[in-house]
Amino acid sequence: MKFLRNTLDKIKPHVQKGGKFQKFRSTFDAFETFLFVPDHVTKSGSHIRDGIDLKRTMSIVVLALLPSLLFGMWNVGYQHFLSLGQTGGLFELFWYGFLQVLPIVIVSYVVGLGVEFIFAQIRGHEVNEGFLVSGMLIPLIMPVDTPLWMVAVATIFAVIIGKEVFGGTGMNIFNPALLARAFIFFAYPSKISGDFVWISGLSDSTTKAVDGFSGATPLGLAGQGQFDKIPDFWTMFIGNIPGSIGETSKIAVLIGAAILIISGIGSLRIMLSTILGGTAMIYIFNLFAANQYMEISPLVQLSMGGFLFGAVFMATEPVSASQTNTGKIIYGFLIGMIAMFIRVLNPAYPEGMMLAILMMNMFAPLIDYYVVEANIKRRLKRAKFSSIKS
Amino acid sequence: MAKSITLNKGLNIRLDGEAEKIFIKTEISDKYAVKPTDFIGLTPKLLVKEGDEVKAGSPLFIDKYNPEINFVSPVSGKVSEIKRGERRRILEVIIDASKEIVYNNFEKIDIEKASAQEIKTQLLKAGLWTFIIQRPYGIIANPAHTPKSIFISAFDTAPLAPDVDFVMQDDEEFLQKGINALKKLTNGVINLNVNGNYNVSKVFTHLKNVELNKIEGIHPAGNVGIQIHHIDPINKGEVVWVINPQDVVAIGRFFEKRIFDAHRIIALTGSEVIHRKYYKTIIGSSVKTILKDNVSGNNFRVISGNVLTGKKIDFEGFIGFYDTQVTVIPEGNHFEFLGWGMPGLNKFSASKTFFSWMMPSKKYKLDTNINGGHRAFVMTNQYEKVVPMDIYPQYLLKAILAEDIDKMEQLGIYEVIEEDLALCEFVCTSKIDVQEILRKGLDLVRKEMS
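Chains H and D are the protein sequences, given in the same order. If you're matching positions, the first sequence starts at 1 in my numbering and goes up one per residue. If you're matching positions, the second sequence starts at 1 in my numbering and goes up one per residue.
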């Protein structure tokens with residue numbers, strides 16, 4: 001520690017203004033503040049400050065994502081062996097999945113942080129921590145067989161178009177991680193559709209799945225009308241089913257949700273209202289029950305696809321979500337409803353969550369506008385009342 | 001009609017270092033200062049020069065744009081130094097006190113019979129007008145105004161704040177006198193707000209001419225701005241006056257004794273202070289006499305006021321004009337290895353991101369480290385949780401940053417000053433300088449309106 005500190009102190013003069021390597025100031029800052037909380041003291045206003053900072057906040061979110069990541073790694077191995085008609089030990093399955101998933105995580109982080117560092121350097125800013133979470137979210141919402149170059153391109157798109165053009169972390173309009181997913185979804189539809197992309201190794205034509213193994217996700221099955229093949233609730237809840245890497249296990253997602261809620265970082269309001277909105281829509285479908293898809297019960301419907309993962313980790317992203325408490329409830333409720341609406345009624349998109357969240361990201365400022373406007377009206381009304389009184 | 005209000009939002013920062021309820025009469029300091037910088041927006045015009053002899057109650061400077069407002073010396077003695085800062089801005093008028101305080105005597109008036117104008121003139125002349133603060137803006141009240149009501153917050157919920165009940169225990173008579181005088185200055189009522197969490201102190205129960213409101217809740221429930229918002233909110237164009245309880249007593253004492261008796265009880269608090277007690281001192285006193293051999297370590301910060309809103313002063317600095325508390329906390333100019341990733345048992349946070357949340361009664365020795373770096377707004381609903389008002393602080397701050405005066409008005413800038421949003425600054429993940437931004441907004445609006 002002491003050695004590290006001394007080394008940093010030695011390098012510091014060179015990267016500061018006027019130093020030989022002043023170009024790398026932001027990069028140095030990023031590493032220095034990562035290793036050591038800086039010695040900056042308060043200069044104006046409150047003399048003491050809360051222990052929390054953006055690094056802490058983001059690392060808590062990453063921590064909340066770990067159960068999903070670890071389960072996802074195991075499940076990748078499990079699905080792979082299952083597709084070959086084989087089984088393996090817990091560690092063997094996990095190790096296989098680990099080797100498949102790790103490159104995606106690394107590509108996402110290296111590429112994303114690389115772009116962030118370059119932008120911070122150009123702007124002379126400190127490197128923002130926002131991507132620590134995005135970099136973890138991106139792999140978790142990818143099908144495991146997504147080519148790495150695609151992950152890289154999508155990440156670059158998400159960071160530049162999703163965030164940096166608006167001014168960086170805190171200024172983004174859309175959820176960057178979801179933009180990466182949407183980018184792949186629309187740019188390479190043929191590459192990542194079909195049932196095999198969800199299972200590691202099956203996109204490769206040399207490996208053959210055993211007879212009877214489809215690899216289709218529950219949503220895929222529903223889209224094809226094979227409702228009898230959809231796994232039961234508990235299987236989907238535990239999550240040993242095909243799907244994007246991190247979304248399959250609802251248990252893992254709920255553990256993450258608990259971490260976010262207890263630490264006060266994720267918005268319980270958004271999570272609950274999203275689920276409520278989804279449930280409301282499902283009940284409406286149940287009421288009409290025009291086809292088999294509409295008849296699926298709420299519990300099963302909610303545990304299909306990435307709905308829960310989106311509600312817990314995506315919809316709650318504070319910058320692109322509604323910022324007022326009332327707004328959050330409306331925002332979440334609409335996400336839930338629209339997600340189910342798209343999922344069940346639009347055959348072109350198997351999962352509606354991504355589009356629902358991106359769409360509501362767009363409308364979040366509008367919702368807030370009306371909530372704040374109501375506050376302004378209350379104040380004006382009070383003034384009127386007061387002038388009548390006096 | 002007296003009100004009972006319960007506030008559910010806020011934050012109790014559990015700091016170590018509360019003052020013990022014991023009065024200490026210290027040796028009288030030999031240096032005092034009146035600092036023009038204690039008065040927001042003031043442009044002072046000096047009336048004395050270095051070497052002048054003054055009495056307690058003699059004017060030292062006046063408000064250039066409102067010359068009736070006198071700023072007087074709290075003690076008698078010699079003006080030893082006029083300290084100036086950048087562009088010759090006056091920072092401190094320092095007085096070397098004489099052994100015995102010699103007072104300026106003012107003419108006697110009968111509060112019951114006097115008109116509002118007579119009371120105003122007396123207070124202005126004797127320098128006590130400066131105790132009266134107006135909302136909006138938190139500046140010295142304009143004598144030409146008649147406020148719609150006057151507010152006195154008779155409790156302080158800020159971290160390590162003095163216990164007002166304890167401080168005021170013997171002052172009932174002067175308090176009543178002060179209130180009677182203030183009553184003449186408004187057509188409305190005088191709201192005296194007490195802490196609803198405890199039984200009302202007997203000092204306040206028999207007071208006449210006031211509405212006694214009970215406010216229940218944690219900090220910032222004791223902030224007068226929060227209380228105004230719930231009892232008699234300020235709309236555009238309206239003016240409310242506020243005054244600290246000890247200063248009401250000073251006004252009462254003035255009308256009784258006809259002198260500017262600037263005695264003030266302050267609490268010496270903070271984790272770095274060895275003997276934390278209540279001190280009977282005089283406004284503007286140097287803190288050196290009470291801090292000498294009374295502070296542990298040598299890397300500390302002396303704050304006149306509380307840790308949220310106070311001003312940093314030197315070890316030999318002077319207590320601020322309105323402050324009733326001096327706090328000494330450790331400086332935080334040290335690095336912390338991977339601090340953001342540690343369990344954080346010694347870190348206090350309004351969030352539950354450190355394991356310290358599992359120890360709900362632990363008291364903390366917090367230092368002045370920012371604990372992070374400045375960022376753009378990212379988290380939401382942090383501010384709302386600590387501001388018990390129907391206001392959206394983040395939107396207000398954004399309106400200020402955009403210098404949109406209409407929006408600031410609409411979002412309630414008239415109802416807040418720095419202390420009301422100080423907790424926002426404390427809890428902010430992005431370490432935004434909330435108080436500084438807010439003051440910029442207030443200055444902007446004030447300039448626009450005048």
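Rather than coming from a laboratory, the hints here were simulated on the basis of the structure. Here the structure is a predicted model, which means the values were calculated and not measured. Glycine is no exception: its CB is placed at the ideal position from the N, C-alpha and C atoms. Careful: at least some of the hints might be erroneous.
What the hints assert, rightly or not - Interface residues of chain H toward chain D, partial, derived using beta-carbon atoms under 8 Å:
| no. | residue |
| --- | --- |
| 1 | Asp145 |
| 2 | Met171 |
| 3 | Val319 |
What the hints assert, rightly or not - Here are the simulated DSS-like cross-link-like pairs (lysine-lysine), alpha carbons at most 30 Å apart as the crow flies:
| no. | chain 1 | residue 1 | chain 2 | residue 2 |
| --- | --- | --- | --- | --- |
| 4 | D | Lys208 | H | Lys43 |
| 5 | H | Lys43 | D | Lys447 |
| 6 | D | Lys280 | D | Lys208 |
| 7 | H | Lys381 | D | Lys288 |
| 8 | D | Lys288 | H | Lys377 |
Each hint tested on the structure:
no.: 1; hint: Asp145; in the structure: violated (33 Å)
no.: 2; hint: Met171; in the structure: holds (6 Å)
no.: 3; hint: Val319; in the structure: holds (6 Å)
no.: 4; hint: D/Lys208 / H/Lys43; in the structure: violated (44 Å)
no.: 5; hint: H/Lys43 / D/Lys447; in the structure: holds (26 Å)
no.: 6; hint: D/Lys280 / D/Lys208; in the structure: holds (27 Å)
no.: 7; hint: H/Lys381 / D/Lys288; in the structure: violated (52 Å)
no.: 8; hint: D/Lys288 / H/Lys377; in the structure: violated (52 Å)
In summary, the numbered hints that this structure violates are 1, 4, 7, 8.
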